[in-house]
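Trainee: Model the placement of chain B on the given structure of chain A, informed by the hints.
For the record, the sequence lines run as chains A and B. Sequential numbering from 10 applies to the first sequence in the working numbering. Sequential numbering from 1062 applies to the second sequence in the working numbering.
Since the hints were derived computationally from the structure, they do not count as laboratory data. Some hints could be false.
Said to hold, decoys possible - No more than 30 Å apart at the CA atoms, straight line, and that leaves these computed lysine-lysine pairs for DSSO-like:
#, chain 1, residue 1, chain 2, residue 2
1, A, K326, B, K1251
2, B, K1140, A, K438
3, B, K1140, A, K68
4, A, K235, B, K1404
5, A, K235, B, K1097
6, A, K57, B, K1140
7, B, K1492, A, K21
8, B, K1363, A, K68
9, B, K1404, A, K21
10, B, K1426, A, K21
What the hints assert, rightly or not - Pulled from the structure, derived: some chain B residues nowhere near chain A, Cβ distances all over 12 Å:
#, residue
11, K1136
12, D1366
13, L1431
14, E1504
As the list claims (entries may be wrong) - Cβ-Cβ distance ranges computed for the label pairs, FRET-style:
#, chain 1, residue 1, chain 2, residue 2, range
15, B, D1215, A, A317, 33 to 39 Å
16, B, P1071, A, S54, 27 to 33 Å
17, B, G1380, A, N159, 16 to 22 Å
18, B, E1288, A, Q18, 36 to 42 Å
19, B, G1079, A, K422, 38 to 44 Å
Quick caveat: nothing in here was measured; it's all calculated off a predicted structure. Each residue gets a CB set at the ideal place from its N, CA and C atoms; glycine is no exception.
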Amino acid sequence: MPFITNTDQQRKEMLDELGLTMDGLFADVPAELRCQSFDLPEGISEQKVRRRLEDLSRKNSTDLIGFLGGGFYDHFIPAAVDALVSRSEFYTAYTPYQPEISQGTLQAIYEYQSMICRLTEMEAANASLYDGGTALYEAMTMSLRVTGRNKIIIDDSVNPIYRVMIHSYTRNLKIELHETLNTGGLANRQEIFDLIDDQTAAVILQNPNFFGCIEDYSDVAEAAHKKGALLICSCYPISLGILKTPGAMDADIVTGEGQSLGLPLSFGGPYLGFMATRRKYIRKMPGRIVGQTTDTMGRCGYVLTLQAREQHIRRDKATSNICTNESLCALRALIYLSLLGSEGLRDLAHRCADKASYAYRRLTALPAVHPRFHAKWFFNEFVLDLPCPAVDVIGRLIEKGFAAGFPLSRYYKGMENSMLIAVTEKRTKQEIGMLAEALEGVL
Amino acid sequence: MKLIFEKSVPGRRGVHLGRSDVPTSINLDKKLLREKDVRLAELSELDVVRHFTELSRRNYGVDTNFYPLGSCTMKYNPKVTELIGSYPGFANLHPLLPQLRMGGILTQGALQVLYETDLLLREITGMASFTMQPLAGAHGELTGIMIISAYHRDRGNRKTTLLIPDSAHGTNPASGTIAGYEVLSVPSSKNGVMDVDALKAMLSDEVAGLMLTCPNTLGLFNPHIKEICDLIHSVDGLVYYDGANLNAITGKVRPGDIGFDIVHLNLHKTFATPHGGGGPGAGPVGVVKKLADFLPVSIVVKRDDGTYALEYDRPKSIGFVAPFYGNFAIILRAYVYILMLGKEGLIRMAENAVLNANYIKEKLKDYYDLPFPQVCKHECVFSAGRQTAFGVHAIDIAKGLIDAGFHPPTIYFPTIVREAMMIEPTETEGKETLDTFIAAMIEIAQTAQTDPDKLKSAPQTTHVGRLDETAAARNINVACVE
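Chain A extracted, bound-state conformation:
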């Protein structure tokens, strides 16, 4: 049998030593509770399974020229990232409950937390959460604990994929959720300012927002703080190579999707939710946290800390039900950012913005294509208005070999003709030119 080490002879020896039979080991399971069916196929060899999965993987088309983003981006991943996370001392370990033999994982998480703090200019980060969406939901519930209030304001320029998740999670909770409608692709300041009151726990915003527009939320932070509310900001980590940080905007909780930091797209997961906050809120933060300390000889080491917040200690009083983090994904992000370095991340962010800017000029030069918003600044994503439904245009472009963008009609009323286009450093000038020609051809 695959992956079972004991031979039949050894099984027999062990059973003999126990004075039991295999049936005897299951004698505590009443006969009437045994499987009524277990109709599974016969096992197959490694050779066969590889053949079958190679065939299945080829039924997925990954050779389209991709301009799909929406919070999930096709960035280049250096080979060293894969090589290092493939070290089995990392990937076959579990949660570092025994710190003396887990310093590798623990120091890596501490370095990851440090990197997230440096990226966002916040004071404390956790060891990671499942993904950007659940991280945003956790930030929201954290704001309820910090403020003791129950009103949340979220603008619809926040990723709609995350907003629908928040709606599912809050259905059973006593939360007053207000959704404001963006104005011209930017967060609706007027409505948000009107809504902030002394019952408001937090305002949730995103930068760059779902439409790719760049914002400075310092004014929202100030308005929220005046009423004792928090600003939660979801952000795209690559953009932080150049953009004003949530910390500099005086945000209170920062989350985001870390997929862009060296994680493959993998059809939606596993991804990486990151979270950072102010030092004073650290005990209200969910998830694992690694801290530095010393051993009995005074040597520096790392441990899981502030565990009194967590489910395995506090049970029903815990800050969250989360048990583990996404350690291996956090390790990927750490290795990726270490390979890039300070200048590398800045250059990469510039490169993405430059390419998007080039694509924007090429595409808006087409007579029938117009920018949707007149917001002045975007990062690596922007919205175009087409003369016909975007769903159809994107469908036709798929036939021509392009994943040209995402139709906004899926989440926004009145945006039937709008398409969201993302450009990463991987797209070449030639590919952008080909997209422009193909788009012109199908309009």
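Mentor: Below, chain B without anything else, positioned relative to chain A:
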């Protein structure tokens, strides 16, 4: 060992982007830009490789040696599943692609993997349908409780309480509370399983459901499980199966046949996907037919023409609990594992897991207290109670095991056993490994009597000794930002 930031040499680069083929055109308003570059480590690729290789050598994984961490099912993670997880046709697939017109056609392979994993898990658990969305076991629990809540809302039931045994994982009560329920703890009987009389006394119309791990965290199968399910159903409650311990009974018992309504599975436990140093995992949730409408969207369906598609139009659904279709690359690994083991392999898996646990239990019962001596399932729980007479505690035994070259068992859990040591060997370990571990445990029991200080000062063989956790919580240092 130095932090990566301390190794930084300004100007060094690990990755070069190459020359840009588009003009540098971005000229953003200064107000929107960060003032200074992010202070990341500046290193060559070799520097980075050496740093993380050195870190990896300060770690301990299943590939290092025996890892009997109870309740975590640290079985061997096959290399082939890692390889298949990296196939470009899966790894480079954008999750929004199937949401485009014509896009579904381009993701048929991935959708088929999700669909077939659903079918396989149905047959393994006896459930009617699954969602692959939950991103971890605890996330599966939350999803399951949201389904319980949606069911009662749909029925017009006003129910406020979830029942959870005192031996449960901490995630159970935490998930219950977060989903908006009041959680009540059901005591265990002196046999170590849920006390049916105590349960009866707690039953009321307020009870929305019961969450149960079976076998429980003591490794014991509750012979009254059917009666427990019937009792909960008698007040229109739902019974939730926490699949953390499914490894023990796969191919022997199916939660669906017993009367459970909702199941979550930890693919990283039973189905051998790597634990990754604490994630990523995956926690698919299965339900009986009457709950299928409440599952999260989207669901993969097979059309009459044999193609696969995502279905979103499910009015009673609890909505989205994850951005896409779950931790796809993890689900993929589990799918491969199930295909390779097949029916016989999965039955053998459970049998060997139970055999290995009982073998350890019998071989060590003369040396350590064994509060529940009956036949166990996938794990056994000892107590270091006897050793405390010499001042030696479960933690000292754990640290002694590290010096002997093993990962320690789970200690101080379940909390209903004093000085608990919870050992789960899994089916992938061979007899020689178990014998070496047993010999080490026996030697430690002797050392506890003859030289307790040796254990209290263990481990001595590691890069760091016992770490001061109190100081870590008091002088909080969770990031190096200077």
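Trainee: Against the structure shown, which of the earlier numbered hints fail to hold, in ascending order?
Mentor: 2, 4, 11 and 16
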